[in-house]
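K.L.:
These are the residues of each chain, in order.
There are 2 protein chains.
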Amino acid sequence: MRILLVGAGGVGTAITRIAARRSFFDHIVVADHDLPRAEAAVAALGGDGTRFSAVRVDAGDREAVTALLAAERCDVLLNATDPRFVMPLFEASLEARAHYIDMAMSLSYPHRDRPYAECGIKLGDAQFERAADWEKAGRLALVGMGVEPGLSDVFARYAADELFDTIEEIGVRDGANLTVDGYDFAPSFSIWTTIEECLNPPVIWEKGRGWFTTAPFSEPEVFEFPEGIGPVECVNVEHEEVLLIPRWVDAGRVTFKYGLGDDFIETLKTLHKLGLDRTDKVTVPGGAQVSPRDVVAACLPDPATLGDRMHGKTCAGTWVKGTKDGARREVYLYHVVDNQWSMREYGSQAVVWQTAVNPVVALELVAGGVWAESGVRGPEALPPVPFLDLLREYGSPWGLREQ
Amino acid sequence: MRILLVGAGGVGTAITRIAARRSFFDHIVVADHDLPRAEAAVAALGGDGTRFSAVRVDAGDREAVTALLAAERCDVLLNATDPRFVMPLFEASLEARAHYIDMAMSLSYPHRDRPYAECGIKLGDAQFERAADWEKAGRLALVGMGVEPGLSDVFARYAADELFDTIEEIGVRDGANLTVDGYDFAPSFSIWTTIEECLNPPVIWEKGRGWFTTAPFSEPEVFEFPEGIGPVECVNVEHEEVLLIPRWVDAGRVTFKYGLGDDFIETLKTLHKLGLDRTDKVTVPGGAQVSPRDVVAACLPDPATLGDRMHGKTCAGTWVKGTKDGARREVYLYHVVDNQWSMREYGSQAVVWQTAVNPVVALELVAGGVWAESGVRGPEALPPVPFLDLLREYGSPWGLREQ
Numbered sequence: 001m002r003i004l005l006v007g008a009g010g011v012g013t014a015i016t017r018i019a020a021r022r023s024f025f026d027h028i029v030v031a032d033h034d035l036p037r038a039e040a041a042v043a044a045l046g047g048d049g050t051r052f053s054a055v056r057v058d059a060g061d062r063e064a065v066t067a068l069l070a071a072e073r074c075d076v077l078l079n080a081t082d083p084r085f086v087m088p089l090f091e092a093s094l095e096a097r098a099h100y101i102d103m104a105m106s107l108s109y110p111h112r113d114r115p116y117a118e119c120g121i122k123l124g125d126a127q128f129e130r131a132a133d134w135e136k137a138g139r140l141a142l143v144g145m146g147v148e149p150g151l152s153d154v155f156a157r158y159a160a161d162e163l164f165d166t167i168e169e170i171g172v173r174d175g176a177n178l179t180v181d182g183y184d185f186a187p188s189f190s191i192w193t194t195i196e197e198c199l200n201p202p203v204i205w206e207k208g209r210g211w212f213t214t215a216p217f218s219e220p221e222v223f224e225f226p227e228g229i230g231p232v233e234c235v236n237v238e239h240e241e242v243l244l245i246p247r248w249v250d251a252g253r254v255t256f257k258y259g260l261g262d263d264f265i266e267t268l269k270t271l272h273k274l275g276l277d278r279t280d281k282v283t284v285p286g287g288a289q290v291s292p293r294d295v296v297a298a299c300l301p302d303p304a305t306l307g308d309r310m311h312g313k314t315c316a317g318t319w320v321k322g323t324k325d326g327a328r329r330e331v332y333l334y335h336v337v338d339n340q341w342s343m344r345e346y347g348s349q350a351v352v353w354q355t356a357v358n359p360v361v362a363l364e365l366v367a368g369g370v371w372a373e374s375g376v377r378g379p380e381a382l383p384p385v386p387f388l389d390l391l392r393e394y395g396s397p398w399g400l401r402e403q
Numbered sequence: 001m002r003i004l005l006v007g008a009g010g011v012g013t014a015i016t017r018i019a020a021r022r023s024f025f026d027h028i029v030v031a032d033h034d035l036p037r038a039e040a041a042v043a044a045l046g047g048d049g050t051r052f053s054a055v056r057v058d059a060g061d062r063e064a065v066t067a068l069l070a071a072e073r074c075d076v077l078l079n080a081t082d083p084r085f086v087m088p089l090f091e092a093s094l095e096a097r098a099h100y101i102d103m104a105m106s107l108s109y110p111h112r113d114r115p116y117a118e119c120g121i122k123l124g125d126a127q128f129e130r131a132a133d134w135e136k137a138g139r140l141a142l143v144g145m146g147v148e149p150g151l152s153d154v155f156a157r158y159a160a161d162e163l164f165d166t167i168e169e170i171g172v173r174d175g176a177n178l179t180v181d182g183y184d185f186a187p188s189f190s191i192w193t194t195i196e197e198c199l200n201p202p203v204i205w206e207k208g209r210g211w212f213t214t215a216p217f218s219e220p221e222v223f224e225f226p227e228g229i230g231p232v233e234c235v236n237v238e239h240e241e242v243l244l245i246p247r248w249v250d251a252g253r254v255t256f257k258y259g260l261g262d263d264f265i266e267t268l269k270t271l272h273k274l275g276l277d278r279t280d281k282v283t284v285p286g287g288a289q290v291s292p293r294d295v296v297a298a299c300l301p302d303p304a305t306l307g308d309r310m311h312g313k314t315c316a317g318t319w320v321k322g323t324k325d326g327a328r329r330e331v332y333l334y335h336v337v338d339n340q341w342s343m344r345e346y347g348s349q350a351v352v353w354q355t356a357v358n359p360v361v362a363l364e365l366v367a368g369g370v371w372a373e374s375g376v377r378g379p380e381a382l383p384p385v386p387f388l389d390l391l392r393e394y395g396s397p398w399g400l401r402e403q
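Order-wise, the sequence lines are chains U and L. Start counting the first sequence at 1; every next residue gets the next number (the UniProt record's numbering). Start counting the second sequence at 1; every next residue gets the next number (the UniProt record's numbering).
No false leads were slipped in.
Same chains, same names: a pair is fine if it fits in one copy or spans any two.
Computed cross-link-like contacts, SDA-like style, restricted to lysine to any residue with a CA-CA straight-line distance of at most 25 angstroms:
id	residue 1	residue 2
1	273	312
2	281	302
3	122	94
4	269	182
The set of hints was computed from the structure by calculation and includes no laboratory data. Only a predicted model underlies this, so the values are computations on that prediction, with no experimental measurement involved.
Working from the sequences, and respecting the hints, build out all of it.
P.N.:
Listed below in structure tokens is the structure:
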């Protein structure tokens, strides 16, 4: 298998480090708009980098990506860029007859009149519209295959297959106790993406009602995270799982809540109040035109570089309530990464590493023919047990807590 | 008298409207880096604009301003730009042998090691260093001659001359109950300047100790503002009055507190936490280099355009505690502007109008030879009674509250 990895940021770089230890593929081409960044990712692999090469590509240039896939004879494109580049990379893959994997889906647009009640264009809508074309081409577009969405969706399918007879609610819950020395404010994940998902109207799915939205930061709830992380205040956030899980898993309700904490929520509200979350451009004195959200990102440290100063653990997981053998059951399926461990083992910080490991596991299942569907699929559309077993083999165990 | 007004923003435009009704000058040249903005200010005067003309000038280009003062045979330069342009305009005026008036002084730089305890370079230091040259030239540089600093300094001198035998403390207190329809967040004054003054270490003066600094937003206190504004939480802020008043008025302590309110303080703290208050440039994807603070300003509505949507009053004043004829005395000298009044009378919003009226009154006193000093002077260096009488004649009464 030959892979085109687009994006050599934090997650892309961690993907190269994780994949370098596996034998399932022949070659990975690491492509980035910033060639030195792609070259640095490959150089950092040292003697393990013989199956890697670096090239420059603009992820927004569909034709250039199609040509690169053909020139490099790639079987699959793995998208590790920010969500703005989902559609050009997804379309380029179809055109080049390559499989496609991403970790976030095509962007949503709020409902024009009732943004905090009804869905407008939903996450992934633009991708699912093309499902028939992918099926016809006999290729797999595996969408939302990071940790959340990704592993969280695998957990949902595993719960439905193995742990429950009926499911009342599936609630993805994400929380951490990470701190960063020397910074008042240092998000552990891309602030561009975090703003996008937290300030968009959160989406909820209910049987009989379908998808609907609420106001940002709605339904606050304190969730107790495992392995010493403890209680964290979580709020509704727009996330792919809510759009994916109901397509393949039978449940009464699906939600996603993020353990953002008060301080982070207030910061995001302030950015929104000032219009600094905007992506359209403003003109500054001197005439330069910039997107305010890009300026916010430029003012903050690159989360991928913070691993050395970071302490604590991050947890992604899926909380399922329902019945088994006539009795009520409630479980939390989870995956915790300790920053100290991921830094020591891979030189990658915990949140970035946790995102990166899952698409590599998925690639290995695709390469081995274990995951062999075609069409546009979420992770919950595919058999969960091989994934969870292989994740454990990568040295990264998951857990189950009966509540 | 011929006047060069530099800056046709909100305050500059209000200055033209106020001055147009007075006969003390022959001509005002309105100069701005954005010529259409200067032309619009003159055009808006209609038939009252015959003594005005518009030109383009870069306020940061000292030589160009010097040449313009000479070419237009101006007696005085009135600086209505933001504080970054104080020094080039101040130097150009001296070189052209013109008087100079500004409403904010040259910028401060925090102490390198102990920013929240000791002063580094203070507001106005760069201007006072040149005092001997102004005296030698026989010209007046009247610094800090807006409302605060400006009228607040005149009040301090008036209290010392007319109301007190000894003064324990002079505390300038600024508060408002302004709201803006249709905006979650819309500062009523330049956000660039507001960030500068609020995030710099606040300065305090005490007899025997001199000037020193504290942490931003220190010593919160609820002050009761007059004319229906009511109680507002005020905090220490770096402001020119603290640097000016002790040079000419005998007092035990001088402070400045701003009635910012909780929400505004939290917003400023968040901007600082994220580095969005920075004035040095950051590079965004695509290569554009911008100052984050300029981007914050570009995202917010221009305060000068908000008058129609604004409601409420703004108050500037000076709270003086001391003794008179052996008894304790405490007064608050203040100036309140109702936005409805300033919009109706001048088409200028309250905060902008209140800033603009004071330098026009000062110009009239200089033109008439009533204020006839030379050197670098604060407003409290000059006789206060003629100023306060003339201000009343402008239709804008001030008040005195015994506490």
